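Sequences and hints are given; from them, build the entire structure.
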Amino acid sequence: MALFNRKSLVDKLDAVNEFEREPVPESKLKGWKSFFGTYAGEHTAGTEFVIGPLFVAHGVTASDLVWGLLIGNFLAVLCWAYLTAKISVRKRITLYYQLEKIGGKNFALGYNLVNAGLFCFLAGSMIAVSATAVGIPFDLPMPTLNDIYPNSVGWVLTVLVVGAVTTVVAMFGFDQVARFANLAAPWMIMIFIAAAVAVLPELGVTSLSDFWPVAETKIWTGVPLEGQSKFTFWHVTFFAWFCNMAMHIGMADMSLLRYAKKWQYGFASSAGMVLGHYIAWVASGILYALFLQHAANTTEFAPGPVAYNAAGVAGALCVIIAGWTTANPTLYRAGLAVQAINAKWKTWKVTLVVGLVTTIAALFPALVMKLLEFVALYGLILMPAGAVIFADVYLLPRLGLQDEYAERAGLRFNTAAAATWVLTLLVCLWLNLSFGVEIFFVGLPGWFIAVVLYVVASRIIQKPRAV
Amino acid sequence: MTIVPAFLVFAQVMSMSQNKLLMFIGTVGWFVTAPFWMKK
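Chains B and Z are the protein sequences, given in the same order. Using the numbering used here, read the first sequence as starting at 34 and increasing by one per residue. Using the numbering used here, read the second sequence as starting at 6 and increasing by one per residue.
It is worth saying that the hints were derived from the structure and are not from the lab. Be careful, since some hints might not be right.
[Unchecked claim] Label-pair ranges, simulated between beta-carbon atoms:
| # | chain 1 | residue 1 | chain 2 | residue 2 | range |
| --- | --- | --- | --- | --- | --- |
| 1 | B | F468 | Z | F36 | 47 to 55 Å |
| 2 | B | K496 | Z | M43 | 53 to 61 Å |
| 3 | B | S240 | Z | V37 | 48 to 56 Å |
| 4 | Z | S22 | B | Q326 | 34 to 42 Å |
| 5 | Z | F36 | B | R123 | 36 to 44 Å |
| 6 | B | A442 | Z | V37 | 55 to 63 Å |
| 7 | B | T331 | Z | L13 | 27 to 35 Å |
| 8 | B | L190 | Z | V9 | 44 to 52 Å |
| 9 | Z | W42 | B | W65 | 19 to 27 Å |
| 10 | Z | G34 | B | Y427 | 45 to 53 Å |
| 11 | Z | G34 | B | R123 | 23 to 31 Å |
| 12 | B | F468 | Z | V9 | 46 to 54 Å |
Source: prediction; values computed, not measured. Beta carbons: idealized from backbone N, C-alpha and C, even for Gly.
The following block contains the structure:
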């Protein structure tokens, strides 16, 4: 079987392991164009078909959306440039290796496992998104906004088929999917824009001057759908800022930005924010508003039929490809993260198990319906690791404490880093349960709490430096 | 063929069904030709 090629599998793993445990050499640094391309592609994905419509469902007003996205995305770009990129070009190593130096091998392993679990759920939601488009020719009953469990045998079968295909491809054909995803990214953003522009007349927009009144009264009306909470300007701003919290202040993008010649390349993240987190979210919101108009305010929530309604077969294909090209690398990364437990485990076997878990998760529509909350939780859980890195790089040496303490002290598990992670999340949970601070907002105080906790914990556990 | 027809629909010089057909043809055209002209 051509796909099951042992040599290519080894090559693939070798490629993934490139400079995994050493700084990227000067000769391998990349120019700003590749970062613009990477960010634009990564942030125009299957999730965009869900997030834009969910803003509509949560009753965001047009002005809250426009200003919230502008400010939130701007803040996200600043975080990428001034925090992630600055540390990345200073260290030039992966997040995982940096965490190992600070927290020890076991700490990094724990991070990997948590990350893998979260990746499974993210990939699961994208399998479900693809399934909504695959099910169109079979007249599949689609899930609704308030669904938690699978609503039909047809849904279960469709998800199982999409999950199986995604898993098999992730096991044996990751390189081809990555190449295909690169080809598809510009086309996807064109479909988003084209579909939204074409449906505007149906919503009553026939000239540019019509757009704003229609946006306020028919698209982002400010009235949430039945059973949905009300989102304000602050929800939009904080969601746009922190939906990629794991990547910027959580420092996961160190693995990417360590290849940047200058820290200013972190501003290339603006390409992803403008195309994916602005234009695509606005466009998918417009498509959903039209869907609601046609279906008389139904609570059915299925990106496939929404895109098919607006752009025909090309729209449905876009949902399938967007979901699939997002789910596939996510599944593959989850497999690699789990494999970190034991390097002797075969990648394809690990990916098979991870794919099974992911597909089971995808059966539950709640994963799609609660995607905003899940994305916020995902960032929040991984954020303390980034705060630890920030404190370790900038604060500990200035306070007379040792940075990269696990490496210096020969520790496999740095209690200060672990305690910071656990206590930060407990404090965030307490803020949520006791004071009703929503999950979208706890990340900001959480980051400062994590920084302070790590400094204090390091002060307590570090032994004096040998002179 | 993917994006231009949409603006023609907006300008009300093309029907939605024609637009959907052209978007599909544009999609096929993109994936057939892109591997040859897009850089890796």
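Range agreement (Cβ of V37 of chain Z with Cβ of A442 of chain B, hint 55 to 63 Å): Taking Cβ atoms as reference, A442 of chain B and V37 of chain Z lie about 58 Å apart, which means the hint holds.
Range hint compliance [Cβ, S240 of chain B to V37 of chain Z, 48 to 56 Å]: violated, 36 Å
Could you see if the CB distance from K496 of chain B to M43 of chain Z stays within 53 to 61 Å? holds, 55 Å
Between F468 of chain B and F36 of chain Z, does the C-beta distance stay in 47 to 55 Å? holds, 51 Å
If I claimed the Cβ atoms of W42 of chain Z and W65 of chain B lie 19 to 27 Å apart, would that claim hold in this structure? Given range 19 to 27 Å: holds, Cβ gap about 22 Å.
Check the following: the C-beta atoms of G34 of chain Z and Y427 of chain B are separated by a distance inside 45 to 53 Å. For G34 of chain Z and Y427 of chain B the Cβ distance comes to about 51 Å; the hint holds.
With 36 to 44 Å as the target window, see if F36 of chain Z and R123 of chain B comply at their CB atoms. holds, 41 Å
So the hint says 27 to 35 Å: do the beta-carbon atoms of T331 of chain B and L13 of chain Z match that? holds, 30 Å
The hint says 34 to 42 Å between S22 of chain Z and Q326 of chain B; measuring C-beta to C-beta, is that right? violated, 18 Å
If I claimed the Cβ atoms of G34 of chain Z and R123 of chain B lie 23 to 31 Å apart, would that claim hold in this structure? violated, 45 Å
Has the hinted range 44 to 52 Å been met by the Cβ atoms of L190 of chain B and V9 of chain Z? Given about 39 Å between the Cβ atoms, the range is violated.
Could one say that the CB atoms of F468 of chain B and V9 of chain Z fall in the range 46 to 54 Å? holds, 52 Å
Checked against the numbered hints above, the structure violates hints 3, 4, 8, 11; every other hint is satisfied.
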